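Student: For reference, the chains in residue letters:
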Amino acid sequence: MLWRFIKTRVQDLVAALRARQAPEQRYRRNAEVNRKAAHDRAEKLLLDYLTPEQRETYRRYGWFVVRGQSGNHYSIWKNNGLYCNICELGEYGQIVSRLCAHAAINVPMGDHLLTQKLMLEHHEAEFQRVANRM
Amino acid sequence: MAIHELEVLDVTGHTTKKWDTANEAEMEVVQRIFEDLTKKGYKGFSIKKGAGNNVTESEPRRAFDPEAEKMLMVPPIQAG
Numbered sequence: 001m002l003w004r005f006i007k008t009r010v011q012d013l014v015a016a017l018r019a020r021q022a023p024e025q026r027y028r029r030n031a032e033v034n035r036k037a038a039h040d041r042a043e044k045l046l047l048d049y050l051t052p053e054q055r056e057t058y059r060r061y062g063w064f065v066v067r068g069q070s071g072n073h074y075s076i077w078k079n080n081g082l083y084c085n086i087c088e089l090g091e092y093g094q095i096v097s098r099l100c101a102h103a104a105i106n107v108p109m110g111d112h113l114l115t116q117k118l119m120l121e122h123h124e125a126e127f128q129r130v131a132n133r134m
Numbered sequence: 001m002a003i004h005e006l007e008v009l010d011v012t013g014h015t016t017k018k019w020d021t022a023n024e025a026e027m028e029v030v031q032r033i034f035e036d037l038t039k040k041g042y043k044g045f046s047i048k049k050g051a052g053n054n055v056t057e058s059e060p061r062r063a064f065d066p067e068a069e070k071m072l073m074v075p076p077i078q079a080g
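Residue numbers (this note's numbering), protein chains in the order written: chain U, 1 to 134; chain X, 1 to 80.
Hints may be right or wrong, so weigh each one.
Keeping only pairs whose Cα atoms sit at most 35 angstroms apart, straight-line, the calculated DSBU-like set for lysine-lysine is [claimed, not checked]:
no. : chain 1 : residue 1 : chain 2 : residue 2
1   : X       : LYS17     : X       : LYS39
2   : X       : LYS17     : U       : LYS78
3   : U       : LYS36     : X       : LYS48
Chain U is faced by these chain X residues, among others (derived, beta-carbon under 8 angstroms) [stated by the list, open to error]:
no. : residue
4   : GLY13
5   : HIS14
6   : PHE45
7   : ASN53
8   : VAL55
9   : SER58
10  : PRO60
11  : PRO75
12  : PRO76
13  : ILE77
14  : GLN78
15  : ALA79
16  : GLY80
Read the hints as simulated data drawn from the structure, not as lab findings. Because the structure is a prediction, the values reported are computed rather than measured. Ideal Cβ positions, reconstructed from N, Cα and C, are used throughout, including at glycine.
Isolated chain X (complex conformation) (with noise of 0.2 angstroms):
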């Protein structure tokens, strides 16, 4: 069993989401987070940590990756 994460980028900086393999009901609720916010134009990342919590390898998703360890939504962009 392992908890995996999603994490959107929001104005309280991120809010994480749970997910469980194991538990087929958590899954389908992050999986439509995943499928909402892409619809907006969010870009969704699979990212894989290292030690001390720091980043190693980010790649972009289309799809959400149930067995990704932790995932990253970004929001779409603007011209400035």
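For reference, chain U alone in the conformation it holds in the complex (with noise of 0.2 angstroms):
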């Protein structure tokens, strides 16, 4: 008789933690579902705005040069996540510095490395003031 009803109170309280656990653990997988869906959204978005030499090195290896309006180049990788992942190149391609900048607001990685890519060669004065220098 105790035994049944220790039994039936062990399987209700299982069922509702079980219960209380549903919408979180639903929550957590839309959650990587978006995270994934964006992901992809902005490597597609960013490859578009490659040109085609870019996209070669940058699913090759990870990288990709761009060219500012002082005649600077700058490697940016992708594969160290964001910490100082640009590189200022010196005449034959050696790395002068590394720089530490990124979109201030919460992106994909994608998207971070467009800004990097469009800031350094349209307002590259402002990236390199703001920017960290290692």
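Build the complex: two chains, separate frames, hints provided.
Tutor: Below, the structure is given as structure tokens:
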């Protein structure tokens, strides 16, 4: 009798716990699906903005080179996250310094890279002023 | 009649707003979005596309250009 009572109570508790966790699990699953969709959309948009040469190096090695208005060249990398992912290149392609600046809002990686590309190409001085340099 | 697009980078990848130059109401809505975002530090670009949806030209724009085939708004940057 006591055993049956305990068993029923435990079953009720487990069911209640599962019911409580269900919305949270559903929310996490949806958030993951949305995050992946946003990542794919941003990646596709970035690829539209790259030249064939940039697209080639980006697909193969995870970086592409842009040219600022000053004539300086920069390589933008996606593989190491956003921490100093931009290299300022010297005359012979050597790394002169690393720059660290990215979009100030929460956007997928592809959008960060597109923002860095367009800023370096068209607003290079502002980018240089804002960025941390290593 | 041509449909023009404004793309705004955001947490979803980007959001697209369309306008038709023949439709003033549509144009005003998009223009307001452009101006609001510019005040928040976003940078505007007018975009020209070539074959295969690839961008062939991007030009920075301080003001909304209703005749632009496509415009893109990128968020302000911060040091990392």
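Student: Are the hints correct? Go through all of them and say.
Tutor: Status of each hint after checking the structure:
Of the supplied pair hints, the one linking X:LYS17 and X:LYS39 holds, its CA atoms being roughly 18 angstroms apart against a limit of 35 angstroms. The straight-line distance between the Cα atoms of X:LYS17 and U:LYS78 is roughly 28 angstroms, inside the 35 angstroms bound, and the hint therefore holds. The hinted pair formed by U:LYS36 and X:LYS48 meets the criterion: a straight-line CA distance of about 28 angstroms does not exceed 35 angstroms. Against a cut-off of 8 angstroms between C-beta atoms, the interface hint on X:GLY13 holds, since the closest Cβ of chain U lies about 3 angstroms away.
Checking X:HIS14 against chain U by beta carbon gives a least distance of about 6 angstroms; that is within 8 angstroms, so the hint holds. The interface hint given for X:PHE45 is met, as the beta carbon of that residue sits about 6 angstroms from the closest beta carbon of chain U, less than 8 angstroms. Checking X:ASN53 against chain U by beta carbon gives a least distance of about 6 angstroms; that is within 8 angstroms, so the hint holds. At a threshold of 8 angstroms, the smallest CB-CB gap from X:VAL55 to chain U is about 5 angstroms, leaving the interface hint in force.
Given the 8 angstroms rule on beta carbons, the hint for X:SER58 holds: about 6 angstroms separates it from the nearest Cβ of chain U. The interface hint given for X:PRO60 is met, as the beta carbon of that residue sits about 4 angstroms from the closest beta carbon of chain U, less than 8 angstroms. Annotation: X:PRO75 was flagged as interfacial toward chain U, and the flag holds, the nearest CB pair being 4 angstroms apart, inside 8 angstroms. Contact between X:PRO76 and chain U, as hinted, is supported at the beta carbon level, the nearest pair being about 5 angstroms apart and thus within 8 angstroms.
The restraint placing X:ILE77 at the interface with chain U holds, with a minimum CB-CB distance near 5 angstroms, inside the 8 angstroms limit. The criterion of a C-beta within 8 angstroms of any C-beta in chain U is met by X:GLN78, whose closest approach is roughly 4 angstroms, and the hint holds. Contact between X:ALA79 and chain U, as hinted, is supported at the beta carbon level, the nearest pair being about 5 angstroms apart and thus within 8 angstroms. Evaluation of the X:GLY80 hint against chain U yields a held restraint, the C-beta minimum of about 4 angstroms falling below 8 angstroms.
Hint compliance for this structure: no hint is broken.
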